[in-house]
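Q: Below, each chain spelled out in residue letters.
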Amino acid sequence: MGIIEVKKLSKTFKVKIKEKGLKGSIKSIIKPKYKTISAVNDVNFEIEKGEIIAFIGPNGAGKSTTIKMLTGILYPDAGSIKVLDIDPIKDRKKLAYQIGTVFGQKEQLWTHLTPYDNFKFFGAIYDIPESRVEKKIDELRELFELDEFINTPVRNLSLGQRIRCEIVASLIHEPKVLFLDEPTIGLDPVVKENIRSLIKRMNKEYKTTIFLTSHDVGDIEKLCKRVIIINNGMVVLDDTMDNLKYHYLNKKIVEVKTKEKVNLDDTDGITVLKDKGYNLKLEVDITKKSVTDAIKLLNPDNIIDINISNIPLEDIISSIYKEGI
Amino acid sequence: MKKYLFIFKSEVMSDMQYVFNTFVGFIGYFILLFILFNLYSYLYTDSSEIINGYTMNQMIWYVIVTEILWTVLSGKRLCRKISNDVKSGNIAYNMNKPYSYIGYALFGYLGEIFIKAITYVVLAAIMGFIFLGSFPNLSIMSILAVLLTGVLATVISIMFIITIGLLSFYIEDSGPIYWVYSKLILVLGTIFPIEYFPIGVQKVLSYSPIYVVSYGPAKLFVDFSFDTFKNIFIYQLIYLLIAYLLASFIYKKGVKKLNVNGG
Amino acid sequence: MLMAVRNQFKVSLLSIKYAIMRELLNKVTFVTNIVFMILNNASFIIQWVVLFSIKDDFGGFGLKDVLILWGLSAMAYGFSRFFFKKAFSLSETINTGKLDSFLVQPKNVLLSAITTDVEPSALGDILYGYIILFIYGMNLKNFILLTIYGMTGGLVLTSISVILNSLSFWFSKTDVIADTGNSLMINFSTYPDGIFKGVVKLMLYTIVPVGIVVYIPIQVIIEFNIIKLSITILFTIFIVCLAFLVFNKGLKKYSSTNLMVARI
Numbered sequence: 001m002g003i004i005e006v007k008k009l010s011k012t013f014k015v016k017i018k019e020k021g022l023k024g025s026i027k028s029i030i031k032p033k034y035k036t037i038s039a040v041n042d043v044n045f046e047i048e049k050g051e052i053i054a055f056i057g058p059n060g061a062g063k064s065t066t067i068k069m070l071t072g073i074l075y076p077d078a079g080s081i082k083v084l085d086i087d088p089i090k091d092r093k094k095l096a097y098q099i100g101t102v103f104g105q106k107e108q109l110w111t112h113l114t115p116y117d118n119f120k121f122f123g124a125i126y127d128i129p130e131s132r133v134e135k136k137i138d139e140l141r142e143l144f145e146l147d148e149f150i151n152t153p154v155r156n157l158s159l160g161q162r163i164r165c166e167i168v169a170s171l172i173h174e175p176k177v178l179f180l181d182e183p184t185i186g187l188d189p190v191v192k193e194n195i196r197s198l199i200k201r202m203n204k205e206y207k208t209t210i211f212l213t214s215h216d217v218g219d220i221e222k223l224c225k226r227v228i229i230i231n232n233g234m235v236v237l238d239d240t241m242d243n244l245k246y247h248y249l250n251k252k253i254v255e256v257k258t259k260e261k262v263n264l265d266d267t268d269g270i271t272v273l274k275d276k277g278y279n280l281k282l283e284v285d286i287t288k289k290s291v292t293d294a295i296k297l298l299n300p301d302n303i304i305d306i307n308i309s310n311i312p313l314e315d316i317i318s319s320i321y322k323e324g325i
Numbered sequence: 001m002k003k004y005l006f007i008f009k010s011e012v013m014s015d016m017q018y019v020f021n022t023f024v025g026f027i028g029y030f031i032l033l034f035i036l037f038n039l040y041s042y043l044y045t046d047s048s049e050i051i052n053g054y055t056m057n058q059m060i061w062y063v064i065v066t067e068i069l070w071t072v073l074s075g076k077r078l079c080r081k082i083s084n085d086v087k088s089g090n091i092a093y094n095m096n097k098p099y100s101y102i103g104y105a106l107f108g109y110l111g112e113i114f115i116k117a118i119t120y121v122v123l124a125a126i127m128g129f130i131f132l133g134s135f136p137n138l139s140i141m142s143i144l145a146v147l148l149t150g151v152l153a154t155v156i157s158i159m160f161i162i163t164i165g166l167l168s169f170y171i172e173d174s175g176p177i178y179w180v181y182s183k184l185i186l187v188l189g190t191i192f193p194i195e196y197f198p199i200g201v202q203k204v205l206s207y208s209p210i211y212v213v214s215y216g217p218a219k220l221f222v223d224f225s226f227d228t229f230k231n232i233f234i235y236q237l238i239y240l241l242i243a244y245l246l247a248s249f250i251y252k253k254g255v256k257k258l259n260v261n262g263g
Numbered sequence: 001m002l003m004a005v006r007n008q009f010k011v012s013l014l015s016i017k018y019a020i021m022r023e024l025l026n027k028v029t030f031v032t033n034i035v036f037m038i039l040n041n042a043s044f045i046i047q048w049v050v051l052f053s054i055k056d057d058f059g060g061f062g063l064k065d066v067l068i069l070w071g072l073s074a075m076a077y078g079f080s081r082f083f084f085k086k087a088f089s090l091s092e093t094i095n096t097g098k099l100d101s102f103l104v105q106p107k108n109v110l111l112s113a114i115t116t117d118v119e120p121s122a123l124g125d126i127l128y129g130y131i132i133l134f135i136y137g138m139n140l141k142n143f144i145l146l147t148i149y150g151m152t153g154g155l156v157l158t159s160i161s162v163i164l165n166s167l168s169f170w171f172s173k174t175d176v177i178a179d180t181g182n183s184l185m186i187n188f189s190t191y192p193d194g195i196f197k198g199v200v201k202l203m204l205y206t207i208v209p210v211g212i213v214v215y216i217p218i219q220v221i222i223e224f225n226i227i228k229l230s231i232t233i234l235f236t237i238f239i240v241c242l243a244f245l246v247f248n249k250g251l252k253k254y255s256s257t258n259l260m261v262a263r264i
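If you read the protein sequences in the order shown, they are chains A, B and C.
Just so you know, our numbering puts 117 at position 117 of the first sequence, and the rest follows in order with no gaps.
Just so you know, our numbering puts 197 at position 197 of the second sequence, and the rest follows in order with no gaps.
Just so you know, our numbering puts 198 at position 198 of the third sequence, and the rest follows in order with no gaps.
The hints are simulated quantities; they were obtained by calculation from the structure and are not laboratory data.
A hint or two may mislead.
[As the list claims (entries may be wrong)] Label-pair restraints from in silico Cβ distances: (1) B:ASN84 <-> A:ALA78: 42 to 48 Å; (2) C:THR206 <-> B:LYS256: 56 to 62 Å; (3) A:THR152 <-> B:LYS256: 30 to 36 Å; (4) B:LEU258 <-> A:SER131: 27 to 33 Å; (5) B:SER10 <-> A:ASP242: 53 to 59 Å; (6) A:GLU107 <-> B:ASN84: 17 to 23 Å; (7) A:VAL15 <-> C:VAL28: 45 to 51 Å; (8) A:LYS94 <-> B:ARG80: 38 to 44 Å.
Every residue gets a Cβ at the ideal spot worked out from N, C-alpha and C, and that includes glycine.
For reference, chain A alone in the conformation it holds in the complex (with noise of 0.2 Å):
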């Protein structure tokens, strides 16, 4: 059985459409129209114990509305989900004992306060005794390095230190499923790779499993073994990383540099990318062409300069989303 089991969720909403001008907002006032908009439709899957799953899309894919309905802000139109054999939409409180969320985009800490007395509201929230409390600061005050700045008010912390906090906070009372959204975003690459190293950290020391949102091709390259892709509110994708990688890694992309001008067509298994006369740009299929044929092609002793390599994760995924498979 799947920590995280989604069927058949569904979920649309009713967007008021307002015409331009006076006219049109008078209109809107008297006889507004709606259109229904499908958010998540018809969504399926499970996520064991303990996996760390990148749960993305494009922007308004649905994403956020199933991170929502998963963690019981809202309620799904149909379809049924249950996290941890709970149902969000029963045992709303219930849950919420369970889970940990991280909004990277909405504080859920006082700003005034320090991140100490912030915690100290947290265990009160989830009703951990005092003892408890102070134990577990102490214990994610080490794993997350935050001594430099517990006692800080955190208006006065960065953005990265202000993030570690949010996921400290939301880890406060041992949850089993954390939810993630975009948790780095905003943030500089030393930082982004130093949540990361902590996240997964924290995955390996409480077997956390993590629910994964993030525009950030790096997060999910190094974070996750297992890609959700949702695109128009419906699962485009779900495979392992490897698998998504493989299916890709056929392609290769070779950049010539050359002594003199080549004319070169597409043939089967070799796509021109980029022609710029000097400098090329191909695409090979090594199913059906070797590189060794597009070098041959282009001819040896003509190239000043050459790069192979495999099609990056960001523009598999762009890919995807644009077919939508």
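For chain A, the structure is supplied; the task is to place chains B and C on it using the hints.
A: Coordinates of chains B and C only, in the frame set by chain A:
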């Protein structure tokens, strides 16, 4: 001047979207007036009675006018906006723009309340007529006088509100000063005409801003005479000048202070 | 169950305490707000001194009675705004998706949402009530009654606001309706009921329950009556329950930030 008119116009336009709010907001005005109507019906045993020179009908029309001025000019938002501009340092950005901050704030706010003012005047006139069954003695002359003094009263009030907002240069929160200011206008100049107060107080009030920002237009509406008009008009001009000078003085001083502190 | 209630209480109090600490960051502003609010309330004494110079009785109320009416109204108002400030802008909290963070906590969403902020000036309103009581006639009985009625009044005002603001779960632009409802309560509660007649008076004891939270209490302060006291208390319990009911019903319709607000 053109740029100020532009600001005025764009505020009017953006306010158009909230016509609904304006209508619903009128309910609040209606409630206040309804209560005062009940209060004065209780105070006046019969409609021919004259208290402090006012019949009941005159009293009600008086508060209809002053309440419009008071509600429409409820400047809590303006005051807070200016406070925020001061505190966030936005006001410093405005310094090197080719317009005066005060002019900008004044015309922007005039634009913001324009539709509300017109809506309230029309609805309040209908409401008053329904309550009382008649209008006071009006002539074209008196209506024009009321409109003119009404507009001047509005401009002067906004100037005062801006001045209070600008006090944020010196104090942390100018909000409380605004409450007291607006409550004094309400209690001393809106609910009753000046004549309701003891002689000594009347003297003081007739030289105070209350005379020009609320009493003036309402008095002319219920009991017009050319002499009163002349008087009120001259006082309004004087107060306009004072209010403008006061606002500019505080603004200039404040901005200098801001520069010293490095904004 | 009892444990859960105790824990809930603890969290709400802690929330209010933290909110007070935030306001206390600037002590001068905190104190000025309170002092000016007292002055602000006191300005209405002028109005009534003028009115009583013309007539000595308004609907059976003398100057002292009007004062205690004002004191009680200010207290109820202060009580609601100080402890439950956010109940008065709840529709904004709902529309901007700010309930999210409360929904993921194992506590009551409504209570969490309305106890995250305090209004310092409202403390001035509460103090004003006691100051007026000194003028009116301070004794233990009056003190207790005024305190109870300040709280019941505050709870009723808060509940009405919660109910009206909850409408924004279903409809848009309901904030003006809520504001109108609130000002309706406040405006009527500062005038003696004797000046109103007929339908209006009936309204004041039903859909605009000023009568139950202010007029009846004044009668009880003037002359104690246990039945009248229980009417107000029962009504308070009723409307508080109704507020929770309506809010929780609406919560099912909650759409968070929805798709309307672009996330940047």
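Q: Hints first: check each against the structure and report whether it holds.
A: To see whether the hints hold, each was checked on the structure:
1. B:ASN84 <-> A:ALA78: 42 to 48 Å: 46 Å Cβ-Cβ, so the 42 to 48 Å window holds.
2. C:THR206 <-> B:LYS256: 56 to 62 Å: holds, 59 Å
3. A:THR152 <-> B:LYS256: 30 to 36 Å: Holds, since A:THR152 and B:LYS256 (Cβ atoms, about 35 Å apart) stay within the stated range.
4. B:LEU258 <-> A:SER131: 27 to 33 Å: violated, 51 Å
5. B:SER10 <-> A:ASP242: 53 to 59 Å: For A:ASP242 against B:SER10, whose Cβ atoms are near 57 Å apart, the range 53 to 59 Å holds.
6. A:GLU107 <-> B:ASN84: 17 to 23 Å: Holds: the Cβ-Cβ distance is about 21 Å, inside 17 to 23 Å.
7. A:VAL15 <-> C:VAL28: 45 to 51 Å: Holds: the Cβ-Cβ distance is about 46 Å, inside 45 to 51 Å.
8. A:LYS94 <-> B:ARG80: 38 to 44 Å: holds, 43 Å
Of the hints listed earlier, the one the structure fails to meet is number 4.
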